[in-house]
Amino acid sequence: MQVELVSPEAVLFSGECSQVVTRTVDGDIAFLDHHAAFIGALDIGQTQLWASDGIVTLALNRGFVEVSNNVVTILSDAAYAADEIDVAAAQADLEAAQAAVAADADDDEAKAAVAWAETRIAVASAA
Amino acid sequence: MASGQERILRRRIRSIDATKKITRAMELIAASRIVRAQARVRAARPYSDKVTAVIANLASAGGEADHPLLREPAEVTKVAYVAIAADRGLCGGYNNNVLRATERAIAADAAEGRDYELVLSGRKALGYFRFRNYRIAAGFEGFSDQPSYADAQQVAAAATELFENGCQRVMLAYTQFHSMGNQSVAIVPFMPLEVGEFDDADGAEDSGGGPEGGYEFEPEPAVILERLLPRYAEARLYSALLEASASEHAARQRAMKAATDNAEELKINLTRIMNRARQDAITTEIMEIVGGAEALAQTGGEVDLLSDTIEARTADLFRARE
Numbered sequence: 001m002q003v004e005l006v007s008p009e010a011v012l013f014s015g016e017c018s019q020v021v022t023r024t025v026d027g028d029i030a031f032l033d034h035h036a037a038f039i040g041a042l043d044i045g046q047t048q049l050w051a052s053d054g055i056v057t058l059a060l061n062r063g064f065v066e067v068s069n070n071v072v073t074i075l076s077d078a079a080y081a082a083d084e085i086d087v088a089a090a091q092a093d094l095e096a097a098q099a100a101v102a103a104d105a106d107d108d109e110a111k112a113a114v115a116w117a118e119t120r121i122a123v124a125s126a127a
Numbered sequence: 001m002a003s004g005q006e007r008i009l010r011r012r013i014r015s016i017d018a019t020k021k022i023t024r025a026m027e028l029i030a031a032s033r034i035v036r037a038q039a040r041v042r043a044a045r046p047y048s049d050k051v052t053a054v055i056a057n058l059a060s061a062g063g064e065a066d067h068p069l070l071r072e073p074a075e076v077t078k079v080a081y082v083a084i085a086a087d088r089g090l091c092g093g094y095n096n097n098v099l100r101a102t103e104r105a106i107a108a109d110a111a112e113g114r115d116y117e118l119v120l121s122g123r124k125a126l127g128y129f130r131f132r133n134y135r136i137a138a139g140f141e142g143f144s145d146q147p148s149y150a151d152a153q154q155v156a157a158a159a160t161e162l163f164e165n166g167c168q169r170v171m172l173a174y175t176q177f178h179s180m181g182n183q184s185v186a187i188v189p190f191m192p193l194e195v196g197e198f199d200d201a202d203g204a205e206d207s208g209g210g211p212e213g214g215y216e217f218e219p220e221p222a223v224i225l226e227r228l229l230p231r232y233a234e235a236r237l238y239s240a241l242l243e244a245s246a247s248e249h250a251a252r253q254r255a256m257k258a259a260t261d262n263a264e265e266l267k268i269n270l271t272r273i274m275n276r277a278r279q280d281a282i283t284t285e286i287m288e289i290v291g292g293a294e295a296l297a298q299t300g301g302e303v304d305l306l307s308d309t310i311e312a313r314t315a316d317l318f319r320a321r322e
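These protein sequences, in sequence, are chains A and B.
Counting in this note's numbering, the final residue of the first sequence is number 127, and the numbers go up one at a time with none missing.
Counting in this note's numbering, the final residue of the second sequence is number 322, and the numbers go up one at a time with none missing.
You may find that some hints are simply not true.
To be verified - Every beta carbon over 10 Å from chain B, so not counted as near; a handful from chain A, in silico: (1) Ser18; (2) Phe38; (3) Gly40; (4) Ile85; (5) Ser125.
To be verified - Beta-carbon label-pair distances, calculated as ranges: (6) Val101/A with Gln146/B: 33 to 39 Å; (7) Ala43/B with Ser52/A: 22 to 28 Å; (8) Ala157/B with Ala122/A: 55 to 61 Å; (9) Ser32/B with Ser18/A: 20 to 26 Å.
What the hints contain is simulated information worked out from the structure, not anything from laboratory work.
Ideal placement from N, C-alpha and C gives every residue a C-beta, glycine not left out.
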């Protein structure tokens with residue numbers, strides 16, 4: 001199936017994939033060829049694309065996925081491959097966000113920042 | 001005396017030549033930036049097209065949420081304007097056109113008893129409205145050359161805040177880029193967002209064999225829509241910023257081309273005046289020498305010596321010409 005990863009500024013990935021795994025706000029979901037039409041809101045998490053030249057793992061900071069006619073379109077403001085991630089910066093963000101959560105356990109924004117930093121670190125270290 | 005004038009003219013010509021080189025360089029830079037700006041406009045299109053299509057699908061699947069961004073006001077008492085201009089000048093009427101149009105729209109609203117709020121992008125926009133003592137709710141600068149999506153998010157957030165706090169309508173004033181030679185100022189409604197416009201955009205998509213209404217949603221359509229609408233607003237603002245940026249470069253290129261042409265013309269005219277002034281000086285001087293020689297010849301003096309002097313002087317004059 002055709003997969004398109006689109007950010008507001010550019011098309012980041014476009015190609016043929018055999019499988020796509022991503023995470024909606026309700027949990028992980030995988031798409032194979034000829035998946036039923038689907039629209040979902042994505043959570044912070046990893047997305048994996050089984051491209052012809054290997055598996056591409058990306059850190060996604062929310063977004064949307066639309067599947068129709070064997071085309072998977074992922075829309076995201078922020079999607080980074082492992083080699084695009086600045087681990088030191090992610091680590092710094094993580095510590096700052098954790099401090100914010102410790103100060104205020106109801107701070108949803110800080111919790112999201114923790115999740116986003118952890119996702120980036122996980123993607124970068126897996127590569 | 002006359003040679004003094006010649007020197008002044010030569011200095012002016014040199015200064016015009018230097019200015020011409022600068023305007024020519026700016027023209028070339030602007031030209032190369034238009035191409036890049038156009039590429040960015042194109043690169044941003046897939047995202048906004050796709051977001052629009054997804055919203056249309058959600059809307060047709062009954063996801064018509066009562067989202068604040070969709071709420072049509074019963075009465076409009078306050079209108080927010082998002083005006084997009086440039087950070088820098090030297091681009092002809094680009095800044096003034098869009099800012100004057102915005103000012104006129106505010107005045108027209110005032111005549112109907114509506115108040116205004118201003119969100120400005122670009123240093124020139126800030127300067128313009130600050131000088132005229134307008135109330136500015138939010139101002140952004142430093143990215144009119146190359147706006148990024150993060151910049152658009154900031155501006156969109158400011159507009160959304162005004163819309164949620166007292167403004168029933170948000171208008172977007174910017175310069176649309178139609179082609180290299182054609183840009184026009186437009187003031188278009190921005191918020192509330194209209195789901196009706198999504199249906200139009202979706203017309204082709206549906207007939208393309210898409211599973212009409214057959215989508216699975218996760219989570220429910222209303223929740224997705226709620227997340228998607230702010231993205232849609234950002235994407236629209238982003239494309240407006242990009243178009244404005246392309247228009248800015250086009251306007252600057254045109255202005256700098258005109259300046260270069262003017263400098264060239266000025267240079268030609270001044271050179272002509274300078275040549276005439278020099279010729280006058282030469283003529284006068286020869287006349288003086290000849291007159292002097294004549295006077296001496298009548299007294300029967302040493303003519304040979306004099307004609308030598310004349311030759312030496314004319315040689316001097318012609319050397320000076322080179």
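Here is what the structure says about each hint:
For Ser18/A, the requirement that its beta carbon stay farther than 10 Å from each beta carbon of chain B is met, with the minimum near 21 Å. Not every CB of chain B lies more than 10 Å from the CB of Phe38/A, the least distance being 5 Å, so the non-interface label is violated. Gly40/A, annotated as away from the interface, has a beta carbon of chain B within 10 Å; the closest lies near 4 Å. Against the 10 Å criterion, Ile85/A stays outside the reach of chain B, whose nearest CB is about 17 Å from its own CB.
At roughly 26 Å from the closest C-beta of chain B, the C-beta of Ser125/A stays outside 10 Å, upholding its exclusion from the interface. Val101/A and Gln146/B have their C-beta atoms about 35 Å apart, which keeps the hinted 33 to 39 Å range intact. Range check, Ala43/B to Ser52/A: Cβ separation about 24 Å, and the 22 to 28 Å hint holds. Between Ala157/B and Ala122/A the Cβ separation comes to about 29 Å, which falls outside the hinted range of 55 to 61 Å.
As the Cβ distance of Ser32/B to Ser18/A is approximately 42 Å, the hint placing it in 20 to 26 Å is violated.
Taken one by one, the earlier hints fail for this structure at numbers 2, 3, 8, 9, listed in ascending order.
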